[in-house]
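One line per chain: the protein sequences are P and U, in this order.
In terms of this note's numbering, the first sequence is residues 1 to 117.
In terms of this note's numbering, the second sequence is residues 1 to 222.
Worth double-checking, as some hints may not be accurate.
[Claimed, not checked] Footprint (simulated), chain P over chain U, 3 or more residues, beta carbon under 8 Å: (1) 94–102; (2) 121–130.
[Unchecked claim] Simulated crosslink set (DSBU-like; lysine-lysine; CA at most 35 Å straight-line): (3) U/K11 / P/K42; (4) P/K70 / U/K5; (5) U/K5 / P/K20; (6) P/K60 / U/K10; (7) U/K212 / P/K98; (8) P/K19 / U/K201; (9) U/K187 / P/K70; (10) P/K27 / U/K104.
Worth flagging that the hints you see were computed from the coordinates, not collected in a lab.
A virtual CB, placed ideally from N, CA and C, is assigned to each residue, including glycine.
One-letter residues, chain by chain:
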Amino acid sequence: MHELGIVFSIIKQVDGIAKKNNASSVKEVTLEIGEVSGIVPKYLTDCWKWAVDNRSEYMKGCELKIIPIKAKSFCESCEQSYDTVTYGKICPYCKSEKTYLLVGKDATIKNIGVTGI
Amino acid sequence: MQEVKVIEIKKSIFNANEIDADNLRKELKEKKVFLLNLMSSPGAGKTTTLIKLINNLKKDLKIAVMEADIDSDVDAIKIFEGTGVKAIQLHTGGMCHLDAEMTKQGLDNLELDVDLVILENVGNLVCPAEFDTGACKNMMILSVPEGDDKPLKYPLMFQVCDIVAINKIDCMEMFDFDLDRVKGYIKQRNERAEIYPICAKDGRGIDELANKIRREIKEWRK
Numbered sequence: 001m002h003e004l005g006i007v008f009s010i011i012k013q014v015d016g017i018a019k020k021n022n023a024s025s026v027k028e029v030t031l032e033i034g035e036v037s038g039i040v041p042k043y044l045t046d047c048w049k050w051a052v053d054n055r056s057e058y059m060k061g062c063e064l065k066i067i068p069i070k071a072k073s074f075c076e077s078c079e080q081s082y083d084t085v086t087y088g089k090i091c092p093y094c095k096s097e098k099t100y101l102l103v104g105k106d107a108t109i110k111n112i113g114v115t116g117i
Numbered sequence: 001m002q003e004v005k006v007i008e009i010k011k012s013i014f015n016a017n018e019i020d021a022d023n024l025r026k027e028l029k030e031k032k033v034f035l036l037n038l039m040s041s042p043g044a045g046k047t048t049t050l051i052k053l054i055n056n057l058k059k060d061l062k063i064a065v066m067e068a069d070i071d072s073d074v075d076a077i078k079i080f081e082g083t084g085v086k087a088i089q090l091h092t093g094g095m096c097h098l099d100a101e102m103t104k105q106g107l108d109n110l111e112l113d114v115d116l117v118i119l120e121n122v123g124n125l126v127c128p129a130e131f132d133t134g135a136c137k138n139m140m141i142l143s144v145p146e147g148d149d150k151p152l153k154y155p156l157m158f159q160v161c162d163i164v165a166i167n168k169i170d171c172m173e174m175f176d177f178d179l180d181r182v183k184g185y186i187k188q189r190n191e192r193a194e195i196y197p198i199c200a201k202d203g204r205g206i207d208e209l210a211n212k213i214r215r216e217i218k219e220w221r222k
């Protein structure tokens, strides 16, 4: 559900970039997906197969590659970083709640592989 | 075999939506229209609260409502019958949230000669929080039967909301709901959130909530 909307948005962006570069097709798209981005890679892949064949002339059969990015948080009290998914909001070293997410929230299109340029 | 060339992009997936959302906010600012994005779980009392709120606000403001649901138009009809204000129904076609582009399409179907548009988002505490709709402010309703631990389980929803209404306070005792505890949990996630305990059924707290929205509209038009 959620992932389908994201796939459409990726296709729209990639399609635009392919057109701008006068590419004849897009063969692969590589994404970096943060662990706490809210995107489930498996669902994304499932939607992808259907969507690329139906939503873009440039992207029929285009392969999706996903690089997962580990989520890390930083503790302002003891100035150490830790694994967000394991420990959440509370610092495992000093039990402080003054923590924030360093990395892992974002999802980016890293690169695309195109033909014809 | 054709040669495949790699183009480096390094662009956020959520970026396209963020740009759409910022553009929409700019347009709303120019037209002096305040768009409030209202979120909650299914059954928290969004529509009932809205009817009470609108009947209070419509004395001095011109209001329109956009109802987003996966299907059906029961909410749009309920709002129109309960308040007399214009309500349109948006169907997300199976999607669990609204994005800025869908919100814009909905707004284009309304004549924007109003002061306030309330977007009743899809009932869901997860996905709607992740997509900026282009609204000026986000508000959510947490209802007492859902439990006072929800800010811990759905932190993002509480982080993105400027206004949190706690609905159905008439049955706090029945559900062992601790108002101070929930306020603490919300503030821990989001210091700037303003919390309003209400009971949409008997109207308790609605005046305070309506006045808060009036203040936000005034601020937006400055």
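Quick rundown of the hints versus the structure:
{"no.": "1", "hint": "94–102", "verdict": "holds (count 5)"}
{"no.": "2", "hint": "121–130", "verdict": "holds (count 3)"}
{"no.": "3", "hint": "U/K11 / P/K42", "verdict": "holds (21 Å)"}
{"no.": "4", "hint": "P/K70 / U/K5", "verdict": "holds (28 Å)"}
{"no.": "5", "hint": "U/K5 / P/K20", "verdict": "holds (14 Å)"}
{"no.": "6", "hint": "P/K60 / U/K10", "verdict": "holds (22 Å)"}
{"no.": "7", "hint": "U/K212 / P/K98", "verdict": "holds (29 Å)"}
{"no.": "8", "hint": "P/K19 / U/K201", "verdict": "violated (55 Å)"}
{"no.": "9", "hint": "U/K187 / P/K70", "verdict": "holds (27 Å)"}
{"no.": "10", "hint": "P/K27 / U/K104", "verdict": "holds (32 Å)"}
The structure fails to meet hint 8 from the earlier list, while all remaining hints are met.
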